[in-house]
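A.B. asks: As a plain string of letters, each chain reads:
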Amino acid sequence: MSAEALPRVAEATERGNRDRAIDIGGLILTLITFAAALAAFFPIYWAIITSVKPDSEVISGSNSLWPGRFSFDSYIHIWNNTNIAIWYVNSMVTSLIITALVIVSSAGCAYALSQLDFPGRRVIYVLILACFMVPMQALIVNHFVLMAQFKLLNTWAGIILPQLIVPVVIIVYKQFFDSVPKEFREAAQMDSAGHFKILFRIYLPMNWGVTAALAIITFIGAWNSFLWPFLAATGEATMTVPVGITQVKDAYGIVYGKLMASAVVAGLPVAIVYLVFQRRVTQAIMLSAGVKG
Amino acid sequence: MLRDKRSEYLTALILVGPFVVIYGVLFVWPTIQMALLSFTKAPLIGPGEWVGWDNYVKILSHKLFHSAFWNTAYFVLLTVIPNTLVSLAIALAVNRLKGWQQGFVLACFFLPYILPVSVVFLTWNWIIDVQYGLVQYVVRLFNGGQPLSLTRTIPLFMPSVAFVTIWWTLGFNVLLFIAGLRSISPEIYEAASLDSAGRWRQFTRITWPLIWPVTALVLTIQLIAQLKIFDQVYLFSIGGRQDATIVLVQYVYKLAFQQNKGGEAATAAMLLFGMIIILSVLQYQLLRARGQK
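Chains as they are written, first to last, in UniProt numbering: chain A, 1 to 293; chain B, 1 to 293.
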């Protein structure tokens, strides 16, 4: 070992020690992160666990983290005594229709804006951008008046229509369509393919992942929306699940076991969608945030 | 050639047509209606009488509007900054982890974000319930053995809503920060650790300056989103003293749907609209400045 190598060895040992010190620090950090994550998840756990406790246990204030006895009475109760099945159908139907309509109309519109040359193109694009700025919450009064004039309050159509305004979907689609090389379209046109064929055979399949991501967040957004369905559906028969569950009470006032059961049922579809399509959901959020930037 | 152009226009018409109809009827028309309605003295549904700027003068001097404005501003202040700091910390922590650990921790923080607002607030209503709520164990320790209603005690109301809102929306900001962190090239950190820069130094000299544009985005997106709150405050204040904790959208709601003052409600909505436009323009300027750098 040469003389000048020695300091280097000493330095390496020292760095090794420091790395180990950092490792312990890193381990502590990891543990803290996990503890925080579990704490963040706890309210969801608590809602679920409350929903499977018998009523007596819920109001005894025992606060045990595991039910003494599993009981699905709360679920049976809300199934028998509320309109939750109807609310569910309302939510499913309206959310799926909103998703389908938003995706289809936005994909077509974005293709036209991206690939076709027609008068009014710029005006329409500016309109979409303007739509970002107008808060839908500010339009509730006029949407309500409009739907009342059309006699659509307390109908599926009334719940659906104002929720079709999702400008972010068009903008994300347009960005992706813009980035498809022009050669694809030109080659297809040489083979005398029409624009619809090009859209459905080339542009959409090439961006299948984007469509999936956008459809998922549109569905989640539609399922979760509260303010508009709350205004548009005042009758118990037309409420959506997120609105309906706030009505769950019984003769004794608020009953948390039953409320938590209905909350679990209301949150289930989006939780499943998220857990199954985790990567798509996060991708969609990032895409839409990119537009907002 | 001319035929080509004509068929292109026709295709564009078919593709953009549905969009134009939907956005025309449900966005442009209600926006114009809202602007017109704000100058009339009118019930929610029915004819009105033109009163010029009267509604604006009236609303701007209305005490409840001032409450709504300050409550909203207070809520924005309580949520935006803590939310940003906490989500940055979580993003840094999550970014350190790998594989399943990262997926698990991220899912714990993100899951609340995709749940419906009513599920979130029902769950928390249960957790902080004055009689049986889990949180009351802690409250009793600090409150001389007495439970405390966090939603009916006015000074505690907004902080409670803000806390739950932060818990609920964290995941979104965490994702944006993670996207930002991932875009920093690892070589910069390698170079820094060769210069034996410690963790803190690496954070202040590299991470923070590079993450700043994302931070600006996170801040402004939240600012605009929180101005529009209604659901949370409404769901937490059922049965509470609503006027003391009223927020802007709730004020619009009250005027329109509880007091049947369509004109004044439209005016209040226009004022909210104005505030959001100003913030959006500021955001645009801020982000454009970032783009030029």
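Worth flagging that the hints you see were computed from the coordinates, not collected in a lab. In this text, all values refer to a predicted model and were calculated from it rather than measured experimentally. Worth double-checking, as some hints may not be accurate.
What the hints assert, rightly or not - No farther apart than 27 angstroms at their CA atoms in a straight line, the calculated lysine-lysine pairs in the DSSO-like style are these:
1) B:K254 <-> B:K228
2) B:K254 <-> A:K151
3) A:K197 <-> A:K182
4) A:K182 <-> B:K5
5) B:K254 <-> A:K197
6) B:K63 <-> A:K249
A.B. asks: So, for every hint listed, does it hold in this structure?
C.D. replies: Quick rundown of the hints versus the structure:
Distance restraint check for K254 of chain B and K228 of chain B: the Cα-Cα separation of roughly 15 angstroms lies within the 27 angstroms cut-off, and the hinted pair is therefore satisfied. At roughly 22 angstroms between alpha-carbon atoms, K254 of chain B and K151 of chain A fall within 27 angstroms of each other, so this suggested pair holds. Of the pairs offered as hints, the one joining K197 of chain A and K182 of chain A holds, with about 15 angstroms between alpha carbons and a cut-off of 27 angstroms not exceeded. Between K182 of chain A and K5 of chain B the CA atoms are separated by roughly 18 angstroms; this keeps the pair inside 27 angstroms, and the hint holds.
Distance hint between K254 of chain B and K197 of chain A is unfulfilled; the C-alpha atoms sit about 50 angstroms from each other, more than 27 angstroms. A C-alpha spacing of about 34 angstroms is found between K63 of chain B and K249 of chain A, which places the hinted pair above 27 angstroms, so the restraint is violated.
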